[in-house]
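Keeping their order, the protein sequence lines are chains R and X. Counting from 1 along the first sequence, just add 4 to a position and that's the residue number in this note's numbering. Counting from 1 along the second sequence, just add 390 to a position and that's the residue number in this note's numbering.
The set of hints was computed from the structure by calculation and includes no laboratory data. In this text the structure is predicted, and so the values were computed from the model without any measurement. Virtual Cβ for every residue (Gly too), placed ideally from N, Cα, C. Honestly, I wouldn't trust all of these hints.
Label-pair restraints from in silico Cβ distances [what the hints assert, rightly or not]: (1) Tyr441(X) / Pro287(R): 38 to 48 Å; (2) Ser504(X) / Pro287(R): 38 to 48 Å; (3) Asp25(R) / Glu503(X): 38 to 48 Å; (4) Tyr441(X) / Glu256(R): 24 to 34 Å.
Covered, in the sense of this in silico footprint (three residues per stretch, anywhere, with C-beta under 8 Å from a C-beta of chain R), are these stretches of chain X [claimed, not checked]: (5) 455-463; (6) 540-549.
Not everything, but these chain R residues come out facing chain X in the computed CB check (under 8 Å) [as the list claims (entries may be wrong)]: (7) Leu90; (8) Tyr97; (9) Gln216; (10) Glu319; (11) Gln322.
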Amino acid sequence: MENGLQEHRIAAELLPYLPNDLRSIFNRFSAADWAKMEEIRLRVFQPTIIRTHEGDFFINAKGSLAKDSDNAIYCTYAQVRQAVLLLSESSYYAFEEEIRRGYLTLKGGHRAGFSGKAVLDRGMIQTLKDISSINLRIAHHIPDTAREVLPYLFEDGMFCNTLIISPPGAGKTTLLRNIAYELSQGVHCLPNTVSIVDERSEIAAMVYGIPQLPVGMRTDVLDGCPKAEGIMLMIRSMSPQVIVCDEIGRSEDAYAIREAVNAGVKMVVSAHAKNYEELKERPVMAEILQSGCFKRVVTLSRSNGPGSVEDIQTETLQSIFHPRLLRKRG
Amino acid sequence: MYLVCKLLGAVLIIIASATVGRYASKKLEKRVCFLADVQQGILTLAREMDYALTPMPQAFAVAAQTARSARFLFGSAAEILSSQRGVSAEEAWKEAMQQVTMPLKAEEVQVLESFATGLGLSDKANQLKKLELSRLRLQALETTAKEEYQKMAKVWRSLGLTFGFAVVLICF
Numbered sequence: 005m006e007n008g009l010q011e012h013r014i015a016a017e018l019l020p021y022l023p024n025d026l027r028s029i030f031n032r033f034s035a036a037d038w039a040k041m042e043e044i045r046l047r048v049f050q051p052t053i054i055r056t057h058e059g060d061f062f063i064n065a066k067g068s069l070a071k072d073s074d075n076a077i078y079c080t081y082a083q084v085r086q087a088v089l090l091l092s093e094s095s096y097y098a099f100e101e102e103i104r105r106g107y108l109t110l111k112g113g114h115r116a117g118f119s120g121k122a123v124l125d126r127g128m129i130q131t132l133k134d135i136s137s138i139n140l141r142i143a144h145h146i147p148d149t150a151r152e153v154l155p156y157l158f159e160d161g162m163f164c165n166t167l168i169i170s171p172p173g174a175g176k177t178t179l180l181r182n183i184a185y186e187l188s189q190g191v192h193c194l195p196n197t198v199s200i201v202d203e204r205s206e207i208a209a210m211v212y213g214i215p216q217l218p219v220g221m222r223t224d225v226l227d228g229c230p231k232a233e234g235i236m237l238m239i240r241s242m243s244p245q246v247i248v249c250d251e252i253g254r255s256e257d258a259y260a261i262r263e264a265v266n267a268g269v270k271m272v273v274s275a276h277a278k279n280y281e282e283l284k285e286r287p288v289m290a291e292i293l294q295s296g297c298f299k300r301v302v303t304l305s306r307s308n309g310p311g312s313v314e315d316i317q318t319e320t321l322q323s324i325f326h327p328r329l330l331r332k333r334g
Numbered sequence: 391m392y393l394v395c396k397l398l399g400a401v402l403i404i405i406a407s408a409t410v411g412r413y414a415s416k417k418l419e420k421r422v423c424f425l426a427d428v429q430q431g432i433l434t435l436a437r438e439m440d441y442a443l444t445p446m447p448q449a450f451a452v453a454a455q456t457a458r459s460a461r462f463l464f465g466s467a468a469e470i471l472s473s474q475r476g477v478s479a480e481e482a483w484k485e486a487m488q489q490v491t492m493p494l495k496a497e498e499v500q501v502l503e504s505f506a507t508g509l510g511l512s513d514k515a516n517q518l519k520k521l522e523l524s525r526l527r528l529q530a531l532e533t534t535a536k537e538e539y540q541k542m543a544k545v546w547r548s549l550g551l552t553f554g555f556a557v558v559l560i561c562f
């Protein structure tokens, strides 16, 4: 029942962004159809494709999902244009930065990715025009990913600076968000004042200043700000006990993290890498790791679905992870 | 009794004629106010775009609060855009113009229509330039309308009253 409610919410959040004729087709889909959807892909003069964990589906002429592309309905230029208008609320100027980056965060934490012709200014992308492909990525809320991991992140009752590593799509951001939520709510620990520096609007998915995903009652979010600058700003302005940020990797990030740690603020950050060894190969990350800032390194993979914990290590690379304590996620 | 009826008729004719004159003068005044209020709405739109990057549906709604006599125009546009029918800001504005009665001349309506061309569909700098250009054109039209009002408002009022007296004199 709860799942059904969630799917109805997702449908209500996404339907307004679809072009009118596609909207009427999607409106007829069941909660089960919405539950399996991961992406809706609109491409000019190509069939509308719905990506699910069961593979790709097409919409046939009868308006139902089909594995077969023979009777698939095709997306027109006008439909893609209308979808862009709806997604941007007819206000390109308001989403210049987002369009330049190629994606928009939507109500409910969903995300629309764009591709088209890049307009360059001195070699830098100024904007995208003639948008020909839209990828609507559906955010399904996955609760409780942090509860199993969190006990490992404390030492003598103190929360440790934590680095989460995984390849893309393995659940780093979800785990970060859930750790922020748990620390902020104080569910299995004392409540903490948490600051999220959300450069790419992925952790809290802010829309008009409102987090679209749960981040906790003691959490302040700085949205769309570069991490290094944002970390310093939050230390000065919000006096956090814990700062959370996603995908570190630049030298200025390393400097800001060291500053924060020396100021007594705990850090929870993530970085792209398959494992610790691979992470060490990156000069900036090697420097951060050598400084011993991070007392815990959590490695994730997709081996049992997104968010599967592979290992949790201390700063001396000692594994403290006991898989029996973890629930397998499907 | 006959004299009383005659007198009452004469008064009614004068009141009706004066009201028509007053209505014509008021229409001129409304036109000036409407043009000024649309400019105020456009200024609010520009401010919302410039400082807050507010998207068009909300920016129209904020502009409606400051646009006094033109509030229904901005309000309708906000409502149409918020209904998420997939219309552009330009289409929403033109639809709103058809829904609202405007005390304007054809030339002024044309300027208001052209104001919406490409609205929302370019970067901030371009949008602000566009809005300022439209506002200046409306300002020029407002100046002309004001001159016309100053010249014609009194004429209409006096004409209405004089016409009433003339009819009474001729008839009685």
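Each hint, compared with the structure:
1. A hinted range of 38 to 48 Å holds for the C-beta pair Tyr441(X) and Pro287(R), which are about 41 Å apart.
2. Under the hint 38 to 48 Å, the C-beta atoms of Ser504(X) and Pro287(R), about 56 Å apart, miss the expected range.
3. Evaluation of the 38 to 48 Å hint for Asp25(R) and Glu503(X) yields a failure: the beta carbon distance comes to about 28 Å.
4. The beta-carbon spacing between Tyr441(X) and Glu256(R), approximately 28 Å, falls within the hinted interval of 24 to 34 Å.
5. Against chain R, the segment 455-463 of chain X contributes 0 residues with a C-beta closer than 8 Å to a partner C-beta. That does not satisfy the three-residue criterion, and the hint is violated.
6. For the segment 540-549 of chain X, the stated coverage by chain R is violated: 0 residues have a C-beta nearer than 8 Å to a C-beta of that chain, whereas at least 3 were required.
7. Interface hint at Leu90(R): satisfied, since its Cβ lies 5 Å from the closest Cβ of chain X, which is below the 8 Å cut-off.
8. At its closest, the beta carbon of Tyr97(R) sits 4 Å from a beta carbon of chain X; the interface hint therefore holds under the 8 Å criterion.
9. With its C-beta approaching chain X no nearer than about 16 Å, Gln216(R) sits outside the 8 Å limit, and its interface hint is violated.
10. With its C-beta approaching chain X no nearer than about 43 Å, Glu319(R) sits outside the 8 Å limit, and its interface hint is violated.
11. With a cut of 8 Å, the hint placing Gln322(R) at the interface with chain X is violated, because the nearest CB-to-CB distance is about 49 Å.
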